[in-house]
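Visitor: Those protein sequences? They're chains A and B, same order as listed. At the far end of the first sequence sits residue 1693, using the working numbering, and the numbering has no gaps. At the far end of the second sequence sits residue 606, using the working numbering, and the numbering has no gaps.
Simulated from the structure, these hints should not be mistaken for lab results. Hints are not guaranteed to be accurate.
[Unchecked claim] Which bits of chain A does chain B cover? Going by a derived footprint, with three or more residues having C-beta under 8 Å, they are:
(1) 1510-1520
(2) 1538-1550
(3) 1585-1598
(4) 1624-1633
[Unchecked claim] From the derived model, a few chain B residues whose C-beta atoms are all more than 10 Å from chain A:
(5) A379
(6) L403
(7) K505
(8) G568
Glycine included, each C-beta is placed from N, C-alpha and C at the ideal position.
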Amino acid sequence: MLFHPISIILLLLTFMVQEFIPGLEIAQFATLFLPVVFFFSASVAAPFGMMLILAFITGFIWDARYLPGVNEVLTGAEDVFGTGADLELGAGSRSLPFGLSIVLFGMLGTLMQGIRPLFKRGRLELPVLMVGVATFVWLLAQYLIITFLRGSLQFPGGVWSKMITDTLLAMLAAPLIFLLLYSLARVSSYEIKYEGLRYRFDGR
Amino acid sequence: MKKLNLLALLLFVAGLVAVFTFDTATTRQIQARVLSLLSPFIHSSAAMEQAASTALAPQVNVTELKRDYDEQRIQLERLRIIQQKFNQSNEENATLRQLIGFKQSAPFKMTAAKVIRRSSSTWWNSLIIDKGSMDGIGTDSPVITSVGLVGKTSTLAPHMAKVILLTDETCRVSAVVEGTKEQGILMGERAALEVRPELHLRFMNRNVNINAGAGVYSTGEGGVFPADLLLGRVKRFENREISGEAIIEPAVDFSTLDYVFVIEMQVAAPAPEPPSSANAKP
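Chain A on its own, in the form it takes in the complex (with noise of 0.2 Å):
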C-alpha cells in the first residue's frame, strides 16, 4: 500500500513547492494553491479515512504557516475604543482561529469523496470542475468567517477577482495532479474500494 505514504509525502512536498510560486499582482496577488489543489484532487482518490488524514495535514500546516501571528487574548477594547493598546494589538480585528482550515478542508473533502466513481473511470471533467468549485467554497467561507467575526458585511471587486482567479488556477493545475495521481495509482497498484465493490483501478 504504497499509495497513501506516497500521498502524504507529496502533500508535504506541495507546501514546499508553494513557497516558489509568485503571486499575480494585476488580480491581488492571486495564486496557485498548490497543497489545496493537490489535497482536493487526492480526496478523490483516497477512501475516507485517508481523506481526513490528509485534511488535517494539510489544514494544520495551513494554517501554521500562512495565518497572521495569533494575537493575546485582549479585554476593554472598547472601553478605550480609539487611543489604547488593545486596538494597536488586534482586539476587535479577530483572525480566522487556527485549526479552521482543518474543518474546512474535512468537509470540502467529504464533498469531493462523492465524484470518486468518476475518478476511478478516468473521467476528469467533472473532477477538475469539483476542484474549482471547492477551492472557491474554501475561500468563500475563509471570507464569510472572516467577515462574521469582524462584522460589517463588504465584498469589494478585488475580493472576486481574487477568488476566481485564484479558482481558475486551481482548476488549471488540477488536471496535473490529477495524471500525477493515476501515475502514482498504476505504479503502485492502488485499488479504488467505492459503495463495497471492488474495481481494479488500472489508469483507463
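Here the structure of chain A is known, so what remains is to put chain B in place on it, guided by the hints.
Guide: Relative to chain A, chain B alone:
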C-alpha cells in the same frame, strides 16, 4: 458507515478538538516552527526571484556605476559628519534633560532587515523579512522605513519574521491628523490586497475641517507604535452615521520595499533624581 470510517472520523474530531484548545503560546510556537522549517525554501525562492529579475534587468554601465559609487561615498562622508553633530546634540540634550529632571521617553533600538518576499496567501497582507527572534526581534514590533510605518511583526522564526502590513485590516494604529487634534484609528480595508490600497482613519468627530494632503501620524498612545511616525496623507474626509472617516493614501509604497527597520521598544530607565540645590554647583 463502516467501523473503520467511524473510527477515522472520531480520531479526526479528537485531533481537531486538541488543535482548537491550543493556547496562544503553543500556536505561536507551532507557527514559528513551521516558518523555520520552510525558511530554506523561502530563501531559495527569493534568491531565484532576484536572479530572474537581475537577468531580465538592463545591463549596467560600469562607468555609471563608478560615478554612483563616488557620489555615495561623498554622501556617506557628509552623513558621518552630520551624525557626529547629532551625537553631540544628543549628549547635550540628555545633560540638559537631566538637569531639569525631564522624564525620559522610552528609547528604542532599530534592526535593519531585508525584505525577502511578499507573501501570497488567501486574505492577509504580509511580507517576510530576514531577521527573526535570534536577531532580537519580538512579536508586534513596529516595522518602518525612512518614509513611514510599514506594519508590525507577527510570526517569528529564528532568522525570519512575518510582517503584517499597515494595509491589513488587523494592523491598527492610533493616529492623529497633522495640524489638528483629530484622532482616530487607522486601519486597512478588508481583503484589500492591491499594491497600494487606501487606508481608513475611523472613529473621528463628524464635520471636522481636514484638508486633503494633510499628514497622518501615529500618536504613540497605544504603546505598540512610537509617536510621530508618518502613516500617510489624507485624500478626503467623509461623514458616516455616527463618526467621521478620513480616507488615507499610505506613505509607503509597499511594492518597492527592499530594506526596513524593526523597532524594539526598550523599557524606559527611571528618571534620574533632579540635582538638589545642596549638590548644585555655585
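Visitor: For the segment 1538-1550 of chain A, does the count of residues with a C-beta closer than 8 Å to a C-beta of chain B reach 3?
Guide: Coverage by chain B holds for the segment 1538-1550 of chain A (7 residues, Cβ < 8 Å).
Visitor: Verify this for me: three or more residues of the segment 1510-1520 of chain A with a beta carbon less than 8 Å from a beta carbon of chain B.
Guide: Answer holds; 8 residues pass the 8 Å Cβ test.
Visitor: Find the nearest Cβ of chain A to the Cβ of B/L403 and say whether that gap is larger than 10 Å.
Guide: holds, 32 Å
Visitor: Would you assess whether B/K505, listed as outside the interface, keeps its beta-carbon beyond 10 Å of every beta-carbon in chain A?
Guide: Fine: 12 Å to the nearest Cβ keeps B/K505 off the interface.
Visitor: Please check whether the beta-carbon of B/G568 is more than 10 Å away from every beta-carbon in chain A.
Guide: Non-interface label stands for B/G568: nearest chain A Cβ at 12 Å, farther than 10 Å.
Visitor: Using a Cβ cutoff of 8 Å, are there at least 3 residues of the segment 1585-1598 of chain A near chain B, or does the coverage claim fail?
Guide: holds (count 6)
Visitor: Hey, does B/A379 actually stay past 10 Å from chain A on C-beta?
Guide: Holds, because the least Cβ-Cβ distance between B/A379 and chain A comes to about 15 Å, which exceeds 10 Å.
Visitor: Go check the segment 1624-1633 of chain A versus chain B for me, would you? Three or more residues, Cβ under 8 Å, otherwise it fails.
Guide: holds (count 3)
When held up to the earlier numbered hints, the structure conflicts with none and fits them all.
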